[in-house]
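There are 2 protein chains.
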Amino acid sequence: MLNETIRTLMSHRSIRKYEDESLPDEDIEKIVKAGRQAAFVSQMYSVIMEREKDDIPFGAPVMFTICVDIYKLEKMMEKRDWDLITNDLTLLLFGIQDASYMAQNMVIAAESMGLGTCYLGSPVRTARNLKEKYDLPDKVFPLVQLVVGYPAEDPPTRPRYPLDFVLFEDEYPEFSEKKIEKAMEEMDEGYLEEDYYRKLDAKISLKGDSSDEYTYEDYSWTEHISRKWGQWYDDPEKQKEILEACGFDLERGD
Amino acid sequence: MLNETIRTLMSHRSIRKYEDESLPDEDIEKIVKAGRQAAFVSQMYSVIMEREKDDIPFGAPVMFTICVDIYKLEKMMEKRDWDLITNDLTLLLFGIQDASYMAQNMVIAAESMGLGTCYLGSPVRTARNLKEKYDLPDKVFPLVQLVVGYPAEDPPTRPRYPLDFVLFEDEYPEFSEKKIEKAMEEMDEGYLEEDYYRKLDAKISLKGDSSDEYTYEDYSWTEHISRKWGQWYDDPEKQKEILEACGFDLERGD
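Protein sequence lines correspond, in order, to chains A and B. Sequential numbering from 0 applies to the first sequence in this note's numbering. Sequential numbering from 0 applies to the second sequence in this note's numbering.
Hint data in this document are derived by calculation from the structure and do not stem from the laboratory. Check each hint, because a few of them may be wrong.
Put simply, identical chains are the same to the list, so a pair is met inside one copy or across any two.
Simulated pairs of lysine-lysine, DSBU-like, Cα-Cα distance not exceeding 30 Å [to be verified]:
#1 Lys-202 to Lys-181
#2 Lys-32 to Lys-206
#3 Lys-16 to Lys-239
#4 Lys-206 to Lys-52
#5 Lys-239 to Lys-74
#6 Lys-206 to Lys-74
#7 Lys-78 to Lys-52
#8 Lys-132 to Lys-177
#9 Lys-227 to Lys-78
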């Protein structure tokens with residue numbers, strides 16, 4: 000009933016263990032060209048690739064760093080005697096879409112070729128290091144990294160919210176307590192069945208003196224996201240400083 | 000040489016004219032389920048669907064509004080007695096990725112089924128209206144809209160930057176003037192060949208008194224993006240107000 004492409008989309012899971020095998024140039028080219036073909040606002044993206052390096056996670060042969068790139072845009076506008084006047088916040092809201100659509104196309108292309116992929120979300124917080132490492136000019140923000148290679152593991156797909164917790168017709172509904180609880184339950188039971196966090200040893204520690212009563216027997220998705228967004232990244236100034244270090248000033252033009 | 004999925008990715012072009020034909024429920028479900036299966040940080044998304052409405056652009060039978068949804072996250076955290084402490088800027092940088100990966104999967108799924116799609120980027124600036132229209136709670140930001148239906152036109156794919164203007168190995172290069180000019184030329188000539196802006200009658204007017212010397216004979220991509228980002232959205236406060244109206248306060252926690 001499902002075509003090949005939808006079967007590819009439906010079977011996505013992140014791969015965190017790779018064969019020690021290089022990716023041919025023509026496959027890398029296919030992946031990036033498929034990424035480039037995504038719909039765009041203004042092609043506000045660049046991709047930095049690393050190959051066969053020790054610092055690529057999970058032993059993957061290739062890592063792509065997908066960046067929001069306003070630098071190229073400004074260069075081209077300069078050549079036409081135009082100044083970039085749009086504020087950096089608006090540019091980011093569009094540019095992150097450009098970069099993300101491209102990244103997701105790269106994932107789909109790679110997976111359709113039998114390759115595994117894993118996004119790394121860390122650049123949002125470590126952008127300064129990547130700017131230095133890759134010699135990024137101002138107004139290039141490394142948004143996300145993507146490792147690609149031949150899978151050396153075959154994990155199941157992760158659970159998702161029930162469809163009626165994601166798709167709404169005509170208006171956003173009022174959720175009953177029961178509906179929220181059901182979504183939480185499906186996510187939590189799904190992750191526990193897969194023993195997801197134990198396998199990754201990915202429990203987030205509790206800050207401060209609180210003693211942790213959770214073990215991998217009951218630590219699951221909603222506990223994990225609560226610890227993540229309930230303990231980390233409280234200070235907006237720090238995120239602004241990261242953006243500023245990359246040449247994005249949310250006050251510019253004010 | 001290319002598999003079915005990569006052929007689908009490579010043949011993407013936006014469709015702006017649709018047959019007057021409804022989309023079966025099961026096709027809508029397939030599209031949204033494929034979207035939901037994208038990699039995520041924390042499933043920070045919701046989708047509002049409209050069907051068979053006069054206000055859907057291009058006569059398409061279905062329009063999806065893909066939102067960054069922190070409201071559901073906070074609701075679930077409340078149930079676990081956790082406060083959301085991450086700042087809104089960081090949440091947006093991750094949440095926009097969640098929503099975009101989902102949106103792009105929806106595009107690919109739809110196109111693999113022979114359907115046409117077109118993103119509408121306007122929500123970034125008109126989010127307040129959509130919040131009211133769809134009764135969105137605070138901390139739900141409508142990021143992008145996507146119309147889907149049976150194509151009633153068959154336009155060519157749009158040009159893209161040369162690959163060596165997008166993909167770099169190990170470090171961001173210094174561009175020669177020639178390289179920038181070549182990228183601009185390829186984009187501009189490609190758009191002119193397709194008569195892209197004339198067909199859409201999409202020329203952006205010049206602000207102020209400047210007389211416009213461009214006609215659809217020479218108005219092309221780099222002129223278009225220069226007029227867009229060189230004339231619009233200068234004030235960061237206005238973009239912040241739009242986000243604030245949707246419950247995102249970039250200073251919260253400061």
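Hints versus structure:
{"no.": "1", "hint": "Lys-202 to Lys-181", "verdict": "within (23 Å within a copy, 50 Å between copies)"}
{"no.": "2", "hint": "Lys-32 to Lys-206", "verdict": "neither (44 Å within a copy, 36 Å between copies)"}
{"no.": "3", "hint": "Lys-16 to Lys-239", "verdict": "neither (34 Å within a copy, 41 Å between copies)"}
{"no.": "4", "hint": "Lys-206 to Lys-52", "verdict": "neither (34 Å within a copy, 50 Å between copies)"}
{"no.": "5", "hint": "Lys-239 to Lys-74", "verdict": "both (24 Å within a copy, 26 Å between copies)"}
{"no.": "6", "hint": "Lys-206 to Lys-74", "verdict": "between (45 Å within a copy, 22 Å between copies)"}
{"no.": "7", "hint": "Lys-78 to Lys-52", "verdict": "neither (37 Å within a copy, 43 Å between copies)"}
{"no.": "8", "hint": "Lys-132 to Lys-177", "verdict": "between (48 Å within a copy, 26 Å between copies)"}
{"no.": "9", "hint": "Lys-227 to Lys-78", "verdict": "between (45 Å within a copy, 15 Å between copies)"}
When each numbered hint is compared with the structure, violations occur for hints 2, 3, 4 and 7.
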